[in-house]
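Student: Chain by chain, the residues run as shown.
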Amino acid sequence: MMTEDSTNLRETRLDKLPQRSCAVVRRIETESEEFLRLKSLGLCIGRQIEVVKSGDPLIIKIFGSRIGLSASLAARVWLEVCAPDHCNLS
Amino acid sequence: MSDGHSNNSSSPVAEIFSGRKRLGKISIAPLPKQAYRAFTLALVGNPNAGKTTLFNALTGLRAKTANFPGTTVEQKIGRASIGQWEITLVDLPGLYGMESSSPDEKLAADALRGRLAGQPAPDAALVIVDATNLERNLFLASEVLELKRPVIIALNMMDMAERENIRIDVTKLREELGCVVVPIAARTGKGIDELRQEIERLAGCAVVESAQYSNAHCVTACATCPYQKRYEWTESVSAKVMNAAAARRPQRTEKLDRFLTHPVAGVGAFLAVMLAFFFLIFWVAKIPMQLIDHLFATIGTWVASQVMQPDLQSLLVNGVIGGVGGILVFLPQICILFFALSLLEDTGYLARAAFVMDKIMRKLGLPGKAFVPLLSAHACAIPAVMSARVIENPRDRLATILVAPLMACSARIPIYAMITALLFPQSPFKAALVFTGAYAMGIFFALGMAWVFQRTILPGGSKPLVIELPPYRLPGLRTAFLHTFDRAKIFVKQAGTIILLISLLLWTLSHYPKSAPPAVAVAMTTQAAQLEKSGDSKLATELRAAAGHLTAQSALQNSFAGKIGHVIEPTIKPLGFDWQIGIGIISSFAAREVIVSTLAVVYGVGEDAAEQNRKSLYDTLRHATRSDGAPVFTTATCMSLLVYYILAAQCLATSVVVRRETNSFKWPLFQIFYMTGLAYVASFIIYHLF
Numbered sequence: 001m002m003t004e005d006s007t008n009l010r011e012t013r014l015d016k017l018p019q020r021s022c023a024v025v026r027r028i029e030t031e032s033e034e035f036l037r038l039k040s041l042g043l044c045i046g047r048q049i050e051v052v053k054s055g056d057p058l059i060i061k062i063f064g065s066r067i068g069l070s071a072s073l074a075a076r077v078w079l080e081v082c083a084p085d086h087c088n089l090s
Numbered sequence: 091m092s093d094g095h096s097n098n099s100s101s102p103v104a105e106i107f108s109g110r111k112r113l114g115k116i117s118i119a120p121l122p123k124q125a126y127r128a129f130t131l132a133l134v135g136n137p138n139a140g141k142t143t144l145f146n147a148l149t150g151l152r153a154k155t156a157n158f159p160g161t162t163v164e165q166k167i168g169r170a171s172i173g174q175w176e177i178t179l180v181d182l183p184g185l186y187g188m189e190s191s192s193p194d195e196k197l198a199a200d201a202l203r204g205r206l207a208g209q210p211a212p213d214a215a216l217v218i219v220d221a222t223n224l225e226r227n228l229f230l231a232s233e234v235l236e237l238k239r240p241v242i243i244a245l246n247m248m249d250m251a252e253r254e255n256i257r258i259d260v261t262k263l264r265e266e267l268g269c270v271v272v273p274i275a276a277r278t279g280k281g282i283d284e285l286r287q288e289i290e291r292l293a294g295c296a297v298v299e300s301a302q303y304s305n306a307h308c309v310t311a312c313a314t315c316p317y318q319k320r321y322e323w324t325e326s327v328s329a330k331v332m333n334a335a336a337a338r339r340p341q342r343t344e345k346l347d348r349f350l351t352h353p354v355a356g357v358g359a360f361l362a363v364m365l366a367f368f369f370l371i372f373w374v375a376k377i378p379m380q381l382i383d384h385l386f387a388t389i390g391t392w393v394a395s396q397v398m399q400p401d402l403q404s405l406l407v408n409g410v411i412g413g414v415g416g417i418l419v420f421l422p423q424i425c426i427l428f429f430a431l432s433l434l435e436d437t438g439y440l441a442r443a444a445f446v447m448d449k450i451m452r453k454l455g456l457p458g459k460a461f462v463p464l465l466s467a468h469a470c471a472i473p474a475v476m477s478a479r480v481i482e483n484p485r486d487r488l489a490t491i492l493v494a495p496l497m498a499c500s501a502r503i504p505i506y507a508m509i510t511a512l513l514f515p516q517s518p519f520k521a522a523l524v525f526t527g528a529y530a531m532g533i534f535f536a537l538g539m540a541w542v543f544q545r546t547i548l549p550g551g552s553k554p555l556v557i558e559l560p561p562y563r564l565p566g567l568r569t570a571f572l573h574t575f576d577r578a579k580i581f582v583k584q585a586g587t588i589i590l591l592i593s594l595l596l597w598t599l600s601h602y603p604k605s606a607p608p609a610v611a612v613a614m615t616t617q618a619a620q621l622e623k624s625g626d627s628k629l630a631t632e633l634r635a636a637a638g639h640l641t642a643q644s645a646l647q648n649s650f651a652g653k654i655g656h657v658i659e660p661t662i663k664p665l666g667f668d669w670q671i672g673i674g675i676i677s678s679f680a681a682r683e684v685i686v687s688t689l690a691v692v693y694g695v696g697e698d699a700a701e702q703n704r705k706s707l708y709d710t711l712r713h714a715t716r717s718d719g720a721p722v723f724t725t726a727t728c729m730s731l732l733v734y735y736i737l738a739a740q741c742l743a744t745s746v747v748v749r750r751e752t753n754s755f756k757w758p759l760f761q762i763f764y765m766t767g768l769a770y771v772a773s774f775i776i777y778h779l780f
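These protein sequence lines are chains Y and P, in that order.
So for the first sequence, our numbering puts the first residue at 1; every next one is plus one.
So for the second sequence, our numbering puts the first residue at 91; every next one is plus one.
Hints were generated in silico from the structure; no laboratory data involved.
C-beta atoms are modelled at their ideal positions from N, C-alpha and C, and glycine is treated no differently.
What you were told as hints is all true, and nothing was included just to trick you.
Straight-line C-alpha distance at most 25 Å; calculated SDA-like pairs for lysine to any residue:
1. P/Lys-319 x Y/Gln-48
2. Y/Lys-16 x P/Val-354
3. Y/Lys-53 x P/Ala-359
4. Y/Lys-53 x P/Lys-449
Rough simulated footprint, nothing fancy, chain P against chain Y, three-plus residues with beta-carbon under 8 Å:
5. 28 to 38
6. 53 to 66
7. 69 to 81
Sequences and hints are given; from them, build the entire structure.
Tutor: Shown next as C-alpha cells:
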C-alpha cells in the first residue's frame, strides 16, 4: 500500500488516461446516482480497469465487460496507473 | 418433461441435487401431489445476460406485458406448466445490483424484496448468470442470495463460454454459493429441461429452506466500500471455479468496435444502419400496408352491400371499418420496426449506436438512443412513441416522446402533396423543394423543442452516458418474433378500444344532426329520373353523382363538424383559413390525411375524387372562392396550412399512445397544447409574410 503522499502523486483522472493504459481505482469524488450504476458495474475502489478507447465518451474494460461512459463522469474517478505488464487484460 | 423426481441419476442436475442433500444445505420435505399450486418465480439478472431468451424458452406465447402499478416500467408475466405445477414466471427488468437509482432497477429490486404494494414477494428467485462474465454477474447473484429466499442459478451462455475456452466447475460453484446451479444455453435450449426439473422440485417442497449462503468476508468489512469487498469476493469465487488463464477472450468484438465506435467511421456506419432501418419501415412496409388497406376496403364494400339502412351502413363502413382500418394500416410498420429493433438490440449494435450518437444528441438534451424513435417517427408517431422504451432514463424518454410527433409522419404526405400541387402545379422542382422543406422543418422544430425543454420544463439535460457494450452476438429470431408479437398486441388492443371510440365520435360529429338534401339536389335527381326514362342514361348518371356530391356537401356543412367549423372560424381566420378548412382540421383528429377527403366533400367534388381523381379536386380547390369572391387557396393560405400541418398535434391515436407510455393525461394534453400553439404562431407569421 502507498503512503498518502505518493498516492496523490501517482493518481490520474480517468478521462486523462491514455488509450490501452491500465490502472487501479483509488478515489471516486462523487456519490451521484450514475455512480451507483458504475459501482455495480464494477467501477469501484480497488478495481483494476483498462482504458480501451479514450475520448468522450470513452470505453473502459472491467473484468470481461466493456463499458462506455461520458468523460464528465470519468473526470470524477482518480486512479493509480499500473506498471507496464502489470495487468494482463488484453 | 419428467413428471416428478428425476430418476436419471447420471444427469448433472441430479448429481447437483444429490450433492446438495449430502452437503445438508437444503432440507426438503416432499409435498403430497396436488394439482396446480400457484408458485411465483422471479427471473432476475444483469441486462444482456439472456434473461428474455430464457423467459421465452420457459413460457413461450403464454406471457403478457404489464406495467408495474402506477409506473411505465414493464414486467412480463408468463405461465409455465412444469410437471403438475402451474408456475408464474415474472420477468423483472434487468439490473446490475440491488442498490440502484434508476426506476427500472429499483422496481426490480423492490419486487424481489416484496416491497411493492399489491405484489407479494416471489416464492423463489431464478437468477440468470452470464457464464462468460462470471465476476460481474456474481455480484448481483450474491446480493439476491443474501435475501435468504430459495434461489436457483441458471448459468447461461455455457455454449459461448465453451467457445471462449472458459471452463466452469459447476459443482464447486454450487458449493461456494450454497444453492442450485444449472448450466444452460438459453438460445439453443440446452439445459432447459434440467432447469425445469429443478423448478419443479423447488415448487414441490412444502418448506423450502433458503439458500445457505453466507459471505462472512463481506458482512464484516462491508461498511467502508461494500462494492469493493463484494467484488473481491466474486473475484475469489471466480478464480476458484473457473480456469480463467486459458480463456480466449474473443477478438471479434474488439475489432468491430474499433470501427463501430469510431467518432467518424462509427457515425457513418450508424447512418448506414439507420438508412436501412428507415427503408424497412418506410418502403418495405408499404406492401403489407396496401394489402391491409385493400382488405378493409373490401370488407367495407361487402358490409355496404349487406346493410341497406343508410345510417347504419355509414356507421359500419365509415365509422367502424374505416376508423379501425385507418389505424391498423400502421401495423406492418410497427411490426417491422420492433422486429428490426429487437435484432439490433440483440446483436449488441444498439448500445454502440447510443455510444456514437450520444455526444451529438446530448447537446440537444436528448440521449443517443433517442435517434431510433425520432427516425421511426418519420413513418408514424405511434411506433416511435412506443419504441422510446429503448431509452432507460425517464426524463430522456419523456423529452423524446414529446418531440417525436413533430417529425413528418407518412400521414402528412397526402397533405404536403395536395398543397405543393396547389402551389406549384407547373413546377415539380419547386414542389419537391417545398416538400423537402416541410420535412426539414419538422426535424428542425423537433430538435429545437428538445433543446427548449431541456432549458425549461425538463431541466438537467440528458443523464451522462453509462452503457454496457455487450459482446456482439447473433440475434435470436424467436426473441424478436415474440417481442414483435407483444408490441403488436398492445397496439391492436388500443386500436380496437379507445381509438375505435374516437373514430366513432368523429363519425358522429360529421353525420349528425341530419339535414334534408338541398332543393337543387332534389331537382337534379328528379331530372335524372326523367332523363333515364328518355334513354339518356349517361347524362342521368352524371346528374345523380352531382346531386350526391351536393347532398354530401350540405350534410357535412349542417353537421356538428360543420357547426364547429363555423364556431372556430374567427379563431383560424388570422391564419387564412375559412370554416371549410376548419371542418377539415377537425376531421384530421382521426388521422391527418382525412383532411384531403373532407375538403373533397366540403367543396362538393365527392369523397371519391380524393382517391381517384386528384386533379379534379385540385382544380376545384384552386377555383374555390370565399363569400366575397376572393380565392380561398392563395399562396399565403397554402403556406400557412402547410406549416400548420407540419407542426400541429392532430392525431388523437398518437395522444392515446402517449397517455399509455407516460402513464398520465398531463403529458399528452401538454403535447397537444404546445404543438398546436407552435403551429398557430408559425402559421400566423407565415400567412402575414406572404
